[in-house]
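Undergrad: These are the residues of each chain, in order.
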Amino acid sequence: MNVAFVSSRVRVEVATAVALARAGFRRYATYRQATLAAAATNSVFGFLRCFVLLAVAAADPATPTAGYTAEQLALYTWVSQALIGVVALWGWTDLSDRIRTGDVVSDLLRPIHPVLSYLYVDFGRAAYAALTRFVVPIAVGALAFSLYVPRQPATYPLFVLSVLLAVVVTFAARYLVNAVGFWLLDTRGVLMAWTVGTTLLTGLAFPVQFIPGWLPTVIWVATPFPSMMQAPLDVIVERGSSLSLVAEVAGQTAWAAVLLGLCWLVQRRATAKLVVQGG
Amino acid sequence: MAYRASFAIDLAVNAFVPLLDVATVIVLFQVTPDIGGFGADEVLVMFGLSALCFALADVAVGQIEKIRIFVRTGLMDAVLARPLSALGQLLCADLPLRKVSRVAVAFVILVVAVARAPIELTPARLALLIVAPVAGAVLFGAIFVATATVAFWWIDSGEFANALTYGGRDFTSFPVTVYGRVFRYLFAYGLGFAFVSYYPTLALLGRSDPLGAPAVLAWSSPVVAVPAALVASVIWRFGVRRYRSTGS
Chain A
4 MNVAFVSSRV RVEVATAVAL ARAGFRRYAT YRQATLAAAA TNSVFGFLRC FVLLAVAAAD
64 PATPTAGYTA EQLALYTWVS QALIGVVALW GWTDLSDRIR TGDVVSDLLR PIHPVLSYLY
124 VDFGRAAYAA LTRFVVPIAV GALAFSLYVP RQPATYPLFV LSVLLAVVVT FAARYLVNAV
184 GFWLLDTRGV LMAWTVGTTL LTGLAFPVQF IPGWLPTVIW VATPFPSMMQ APLDVIVERG
244 SSLSLVAEVA GQTAWAAVLL GLCWLVQRRA TAKLVVQGG
Chain P
17 MAYRASFAID LAVNAFVPLL DVATVIVLFQ VTPDIGGFGA DEVLVMFGLS ALCFALADVA
77 VGQIEKIRIF VRTGLMDAVL ARPLSALGQL LCADLPLRKV SRVAVAFVIL VVAVARAPIE
137 LTPARLALLI VAPVAGAVLF GAIFVATATV AFWWIDSGEF ANALTYGGRD FTSFPVTVYG
197 RVFRYLFAYG LGFAFVSYYP TLALLGRSDP LGAPAVLAWS SPVVAVPAAL VASVIWRFGV
257 RRYRSTGS
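Protein chains in written order, with this note's numbering: chain A, 4 to 282; chain P, 17 to 264.
It should be emphasised that the hints constitute simulated quantities derived from the structure, not laboratory data. We put the beta carbon where it would ideally sit given N, CA and C, even for glycine. Do not rely on the hints blindly, as some may be mistaken.
What the hints assert, rightly or not - Simulated DEER-style distance windows between Cβ atoms:
no., chain 1, residue 1, chain 2, residue 2, range
1, A, Val17, P, Leu227, 55 to 61 Å
2, A, Ala61, P, Ala131, 26 to 32 Å
3, A, Thr198, P, Asp110, 18 to 24 Å
4, P, Leu142, A, Val193, 38 to 44 Å
5, P, Ala131, A, Ile115, 57 to 63 Å
6, A, Ile115, P, Ser249, 53 to 59 Å
7, A, Glu16, P, Leu96, 51 to 57 Å
8, P, Ala131, A, Val221, 51 to 57 Å
Pulled out of the complex, with its shape left as it was, chain A reads as follows (with noise of 0.2 Å):
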């Protein structure tokens, strides 16, 4: 395998990579007003929490919170918002419509692998939820409360590989609770599943760090959820060492890398059943 034919196949996977973000990030263009509602929505939820978790930490303003102070959990409740269209913890269900209605099959027999081309059309949503459902909240929480404000010029940096990392560790958690319906009809139990997980583990009702004892480190070790909002959110609160975020974003590097071949493994699995059924 020469140089030159290495490197056109890497051109060619770009630009298809390139061509499907942005046909995912004009897909969602379109639904502007959804986004302005969702927007709006997730700044009300985020004065609700930021109320509540600043009572949580006021009952002994000196001392850190579980590790976080008033002004980190400030920031903290309001990146959170901000992260829920970013990462699309719910409401995507491309995949199982796909299955319901055989249109799956199209996607199979298209040149290239159905969970790639699913995570760059993914990628372009969430380049369009970044320019609009990420801002919002955290402008409008910026301008009502006071938040911390990040030091370090790194944290920058790895907040940003942080999101992307979790974009694609929620992309592959969707793609295989969606993927489930290639062998149920009934996904009633998977999904509740999914909302017990992405509701209390992923950081978004309170930092995990809260429960108390080992069960955080579990979480965080046992379960993709944390990878999912948690580890970004640290990072920009600039929670603890530096060695602990650096820890955090390799955790989720591993969990996109296990949950990619989970996806990877199923459709295999899911295709060869589709063939066997004759389709």
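Use these hints to put chain P onto chain A, whose structure you have.
TA: Frame of chain A, contents of chain P only:
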């Protein structure tokens, strides 16, 4: 048979919803003894009341969320063509019986919270425990209907109604003392959410309002529920008439 098993799954899945929310409250109290001047047992009463009111309203009027789909797909025109009440049709189109498990779980949470909290049950307080959930449900129901009407004008912005309905439920789970002044005026007094759980809980606990409201307000959630329902029905009728006249 299949339907019964499927319904059982629906009930079980829905039972989780109030459990998720109470888990959040419990976790918050792991890192602090006090939220807004109220302890865990007191806030849990507020939460239980809020969850029960919301679950009751959701079963009774929650289907009105579907209006977004009805308007977008044009089904709304069929609804309006019939000589029956549009609101009635929307609500009865699909009775959300599965959500009854949310009511049951919320009720259990409230009962446990009231048992644990320092409440001296007098006949008046017992009556309040029966009336407040109904009044609070009417208030939530009024918000559901009024915000659903937005779908008549801005279909895609119907998402924002969630900020007031589900946001209202989050708001009423905690004491009003935690919220900043402007936000409080809007939600607690402007939309009346303080009457759902905060004031009734103050009455149950026999505490005076740290924000200085007169004691009689703590008992007046039914008095506020009635005008709220009236306002919501006016908004709804106005919305339907406007939708009809624009000849969609």
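Undergrad: Need the list of violated hint numbers for this structure, in ascending order.
TA: Violated hint (a single one): 8; every other hint is consistent with the structure.
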